[in-house]
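Number of protein chains: 2
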Amino acid sequence: MSSSTNPTDFGFEKKIPDGDTMERQVCTDCGWVHYENPKVVVGSVVTFEDRFLLCKRAIHPRKGFWTLPAGFMEQHETTEEGARREAREEANADIRIRDLLAVYNVTHISQVQIMYRATLDRPEFSAGEESLDVRLFSWDEIPWNDLAFPTVYWALHQFRDTAHEDRIVPFTNAEGDMLKQSLEMLKR
Amino acid sequence: MSSSTNPTDFGFEKKIPDGDTMERQVCTDCGWVHYENPKVVVGSVVTFEDRFLLCKRAIHPRKGFWTLPAGFMEQHETTEEGARREAREEANADIRIRDLLAVYNVTHISQVQIMYRATLDRPEFSAGEESLDVRLFSWDEIPWNDLAFPTVYWALHQFRDTAHEDRIVPFTNAEGDMLKQSLEMLKR
Ligand SMILES: [Zn+2]
Ligand SMILES: [Zn+2]
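Line order of the protein sequences matches chains H and B.
So the first sequence is numbered by this note's numbering: it starts at 1326 and just counts up by one.
So the second sequence is numbered by this note's numbering: it starts at 1326 and just counts up by one.
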């Protein structure tokens, strides 16, 4: 069995299903219509005292770059449960969710990223299967030139801008200078 | 072509794909694995002056019951764009999104509902294809016994509890009395 998740690698072709208005991938064997929906990524900015928990990715895309503990939400879990599960899977870390930091829209890949503020009670963690390394970094130690995704850059900065606030209005996509800086970073 | 979206009505059977740990629906003809993911619903509590815009559902489930303008997010749109699109489709209403009201988790159907506070500039609206009727209700006129879903009840009450606040921390699922009342409502 192929590990592809692209319908065009299987018995699908594009057509407009009855009663629909858009082309969809339809299985030519059995008629199943593959409706694509935006996917939810859940994750968190995890701190222990004044340091930030980052994971070095062991998997593509952006293997070897540093990211927040985050990943695709699964069926039948809450967004908070998903964020905790990802921290366990990627960093063997037991985190405490505080509140909602941001809702990002990454439209070109149809992702909604729901990011929380979270804490570690103790500095106990280690690299999970999807991580090459997991570390706590002070702000100045963060490997800014080796972050995996723009949203990691946004979440860290937006966290820091409101770190002293107990109740925050969640952020959305970065704009202006922060957006520019985060895209510059990706060129490296 | 069937309008079913249930893989078991097509050429699928449950098995554990190579490299996976859970049973998935797999097409017996071509091997396509149907990975199910949580779906995002985007919507809003829309007000004009001190009245609330509600839509009477023309479609199942809960046909004939009143709901907020909301629906499944589509590919390549933002959550805010999705909420505006739903208000146009269901109520022919051009809404202005203010801010994030709530993120609800409806785990038994694997939905994440992202609800905004929004306003109408003018009281211009009409029933779209998926609505039997669209109306503005004052708080006391809201058809509490005929609401479609518990999350409609939660969103309206959470909106009202913070209507005077400019900056709000978004709500999550209702608990306690509000949850009980919203489930009572569904029995009718
Ligand atoms: Zn098939
Ligand atoms: Zn097939």
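Note that these hints are calculated values from the structure, not bench results.
Keep in mind that a hint or two might mislead.
Pairs count within a copy or across copies, as identical chains cannot be separated in the list.
In the DSS-like style, the derived pairs of lysine-lysine whose C-alpha atoms are separated by at most 30 Å in a straight line are [said to hold, decoys possible]: (1) K1340 <-> K1364; (2) K1364 <-> K1339; (3) K1364 <-> K1388; (4) K1505 <-> K1340; (5) K1512 <-> K1339; (6) K1381 <-> K1339; (7) K1364 <-> K1381; (8) K1512 <-> K1340; (9) K1381 <-> K1340; (10) K1339 <-> K1505; (11) K1388 <-> K1505; (12) K1505 <-> K1381; (13) K1388 <-> K1512; (14) K1512 <-> K1381.
None of these values were measured; they are calculated from a predicted model.
Taking the earlier hints as the rules, which of them does this structure contradict?
4, 5, 6, 8, 9, 10
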